[in-house]
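Assemble the dimeric complex from its two separately framed chains, guided by the hints.
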Amino acid sequence: MAIDQNIISVNMAEMRIAHALAFFRTVLGSCIGVFVYDIKLKIGGLLHLMLPEHPDSDNFNVAKYADSGIPALIEAVCREGANRKNLICKLSGGAKMFSGFSSNSIVDIGSRNQAAVSEKLKELGLRVVASDLGGETGRKILVDLSNGKLTVLHFNVGEKVI
Amino acid sequence: MLKTINIDGEDEGEGLMSATTNQNNIVIDEKHLEYIRVIAQRSAENASTVISKWLKNTVTLRVLNVNMTTLEEIGVNMKLNEDIVFASATELIGDIRGHFLFIFKLEDAFKMTDMVLKKPIGTTLETDELVQSVILETCNIVGSSFSNSLVNMLQINLLPSAPSICCDIGGAIMGNVFLEYASYGEKIFFIDTEYVHEESKIEGYFFILPTPDSIPVLLKRID
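So the sequences go chain by chain: A and B. Taking the numbering used here, the leading residue of the first sequence gets 1, the next gets one more, and so forth. Taking the numbering used here, the leading residue of the second sequence gets 163, the next gets one more, and so forth.
These are computed hints drawn from the structure, not numbers from a lab. Glycine included, every Cβ here is placed at the ideal spot set by N, Cα and C. Some hints here could point you the wrong way.
Mimicking DSS-like on lysine-lysine, the simulated pairs with C-alpha atoms at most 25 Å apart in a straight line are [unchecked claim]:
(1) B:281 with B:267
(2) A:96 with B:241
(3) A:160 with B:215
(4) B:267 with B:215
(5) A:149 with A:42
(6) A:122 with A:40
(7) B:241 with B:280
(8) A:85 with A:149
(9) A:96 with B:267
Ranges between beta-carbon positions, derived for each pair [said to hold, decoys possible]:
(10) A:19 with B:375: 22 to 28 Å
(11) B:200 with A:83: 43 to 49 Å
(12) A:39 with B:285: 19 to 25 Å
(13) A:58 with B:284: 45 to 51 Å
(14) A:60 with B:375: 20 to 26 Å
(15) B:244 with A:129: 22 to 28 Å
(16) B:280 with A:72: 54 to 60 Å
(17) B:295 with A:84: 51 to 57 Å
(18) A:83 with B:285: 53 to 59 Å
(19) B:200 with A:84: 34 to 40 Å
(20) B:239 with A:134: 37 to 43 Å
For reference, chain B alone in the conformation it holds in the complex (with noise of 0.2 Å):
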């Protein structure tokens, strides 16, 4: 859900649209929030036509919402939040700052492993290396190609790092992830986009997390 918060930034032409942040709260109006989704989903878009030729099948990378929310919340509609999921996340760095998290429930990165490793589905039923591989390698293809829309559209520096992996339980990966980004103030900043492969019927989340100060750069204006 977009949140109107008190307007406090100043349109400064071909620059950068201002947001203001401070140690306790962003400040981001409405039409800005709805500015950084049209960007967001185009990034999305881009990901999505990458993912599908590297898998062979369609999937869709959708943003569901540009959000700036407290951490309770969040813990209210946390999605996945008692299922044994795969999370991958992959720091940014350069012009933005901040992480992409990727989270799948466990059947899922186990249909995704089979159809990358062309195995009829329901084949894979561990979470060993080959998974892990699948899982990283996805978030790897969808960061990069949404990192480099990024850099496209918005004539910036960002480059992802090497992902990272775990397996546990939702809730508690992403409370802890979310809790990382409420020691910069009381409302976090997210985009989550939805990822669906409607074929196989898999479902997974990319989080995108800007630091506080990376934020008035995903307002520059771009033509």
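So that you can see chain A by itself, here it is in the shape it has in the complex (with noise of 0.2 Å):
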């Protein structure tokens, strides 16, 4: 998909933050990818996330849920030195995956991941210029920093950039 350097995974429940010419990389299935961007300084943000909202304790991993995650997300990427007025928002993931194994409890993680995600940007008044949502498939992401491009490859459909 891309030049095989400086290619960052970020694996579940992380966040991770760089500058342009670094790539993310990650799979999502029912998690969803947050990724966050200046596109005047190149500096972004991916962040991983499972489940929608996070647990009463006053010790949990924050970038594992999307009420949590995004805010520190944002937080995390104006440190680094972007711009809160010029970031772009890109999504992708919350898949309904492996419907046969499913119990009540978890059935379409993928969709509440969706719903809590939005809640949050619309709450934080972050601009989505993009996303791949949903669908019964899981994705590879990429992400090329020095342009925001975000490159998504599903599984027996073939890959398409948003």
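Structure (structure tokens):
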């Protein structure tokens, strides 16, 4: 998909910040990848969140949840030098995976994540310029920090750039 | 890797060794984790014998780890994360509840299909119904023989359901499966075993995922 150098893997419940010429890479099922990017300064962050709401506890992984992770992502990318006013956002993931496996409690966590992400981004006034969400298949994504392009690869469907 | 957690269990003699479960944490000490590993390895050896007979080729199932770990740690070391895989899952019903989960790289699923159909390796190249059947049947055979061992050793009731199947990116599937188990608490308990077919270089993984309240059953004394 791209040059194999300076590719930063973002695992489940992680958040990473970087500048051009780095790339972010991750695999998404029902999780959502939230990418925020300062298009002028070419600084960006990718959050690989897994669940909609953080638990009622003092000690939890902020990056795991939409409601805590998204504000933390924006704060981190701005601390790195990005300008809040220049930030755009792209989203990917939130699929309904492996329906034969799911029990009732977690069924369609992808949709729940989508709703939580949408609500939080609206609350924070962040502009979503592109998204590739939902469906029933997993995604591999690669984000190019030199231009903010997000390439999505669905198994059996092919590649698209958003 | 075996994790040592704060000891919070008592040896009850003939009956169950204790493992405490609560909303947020499973607590099992290293001695008990090792005990579970022994039980799992015996079951894996039995399953190896049965599946080898079916395939008419030597397959080895070997316990790699008895894990008590977070989603984040699982994500860092996830096997077949970016590979296209076939995954087959079986729900466990009875004294132990949870799932068995099988993962094979796509190419290895094709090889297994060729073996079962007695065709030259390299013949199968598409994810059709035959490949699905072979993977489902493998999951069925390994799951059933593994369960039968647990039933005989632990004197319990246990019935695996008919398996379901999915073909997709490994990390996406496994992320979802482990996420389901993360709903029980911060730490996820699972056993991972390796499925190896030396001659054809097939590698798969067989995960045993009991629900937290099923773990004490695995600690039942055996002779």
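Structure-based check of all given hints:
Only pairs whose Cα atoms come within 25 Å are accepted, and residue 281 of chain B paired with residue 267 of chain B is accepted, the gap being roughly 19 Å. Simply put, residue 96 of chain A and residue 241 of chain B have alpha-carbon atoms about 21 Å apart, close enough for the 25 Å limit, and the pair holds. A threshold of 25 Å between alpha carbons decides the hint, and for residue 160 of chain A with residue 215 of chain B the separation of about 45 Å lies outside it, so the pair is violated. Among the hinted pairs, residue 267 of chain B with residue 215 of chain B is consistent with the structure: their alpha-carbon atoms are about 22 Å apart, no more than 25 Å.
Note on residue 149 of chain A and residue 42 of chain A: the hinted pairing holds, with a Cα-Cα distance of about 11 Å set against a maximum of 25 Å. Note on residue 122 of chain A and residue 40 of chain A: the hinted pairing holds, with a Cα-Cα distance of about 22 Å set against a maximum of 25 Å. Note on residue 241 of chain B and residue 280 of chain B: the hinted pairing is violated, with a Cα-Cα distance of about 29 Å set against a maximum of 25 Å. This hinted pair checks out: residue 85 of chain A and residue 149 of chain A have alpha carbons roughly 19 Å apart, not beyond 25 Å.
A threshold of 25 Å between alpha carbons decides the hint, and for residue 96 of chain A with residue 267 of chain B the separation of about 21 Å falls inside it, so the pair holds. As the Cβ distance of residue 19 of chain A to residue 375 of chain B is approximately 48 Å, the hint placing it in 22 to 28 Å is violated. For residue 200 of chain B and residue 83 of chain A, the Cβ-Cβ distance of about 59 Å falls outside the hinted range of 43 to 49 Å, so the restraint is violated. As the Cβ distance of residue 39 of chain A to residue 285 of chain B is approximately 50 Å, the hint placing it in 19 to 25 Å is violated.
For the hinted restraint 45 to 51 Å between residue 58 of chain A and residue 284 of chain B, the CB-CB distance of approximately 56 Å leaves it violated. The hint said 20 to 26 Å for the Cβ distance between residue 60 of chain A and residue 375 of chain B, and at roughly 23 Å that hint holds. Taking 22 to 28 Å as the suggested C-beta distance range, the pair residue 244 of chain B and residue 129 of chain A conforms, at roughly 26 Å. At roughly 56 Å, the beta-carbon separation of residue 280 of chain B and residue 72 of chain A lies within the given 54 to 60 Å, and the hint holds.
Restraint check, residue 295 of chain B to residue 84 of chain A: a C-beta distance of roughly 55 Å satisfies the suggested window 51 to 57 Å. The supplied range of 53 to 59 Å is met by residue 83 of chain A and residue 285 of chain B, whose beta-carbon atoms lie about 58 Å from each other. For the pair residue 200 of chain B and residue 84 of chain A, the supplied restraint of 34 to 40 Å is violated, since their beta-carbon distance comes to about 56 Å. A hinted range of 37 to 43 Å is violated for the C-beta pair residue 239 of chain B and residue 134 of chain A, which are about 29 Å apart.
Hint compliance for this structure: hints 3, 7, 10, 11, 12, 13, 19 and 20 are broken, all remaining hints hold.
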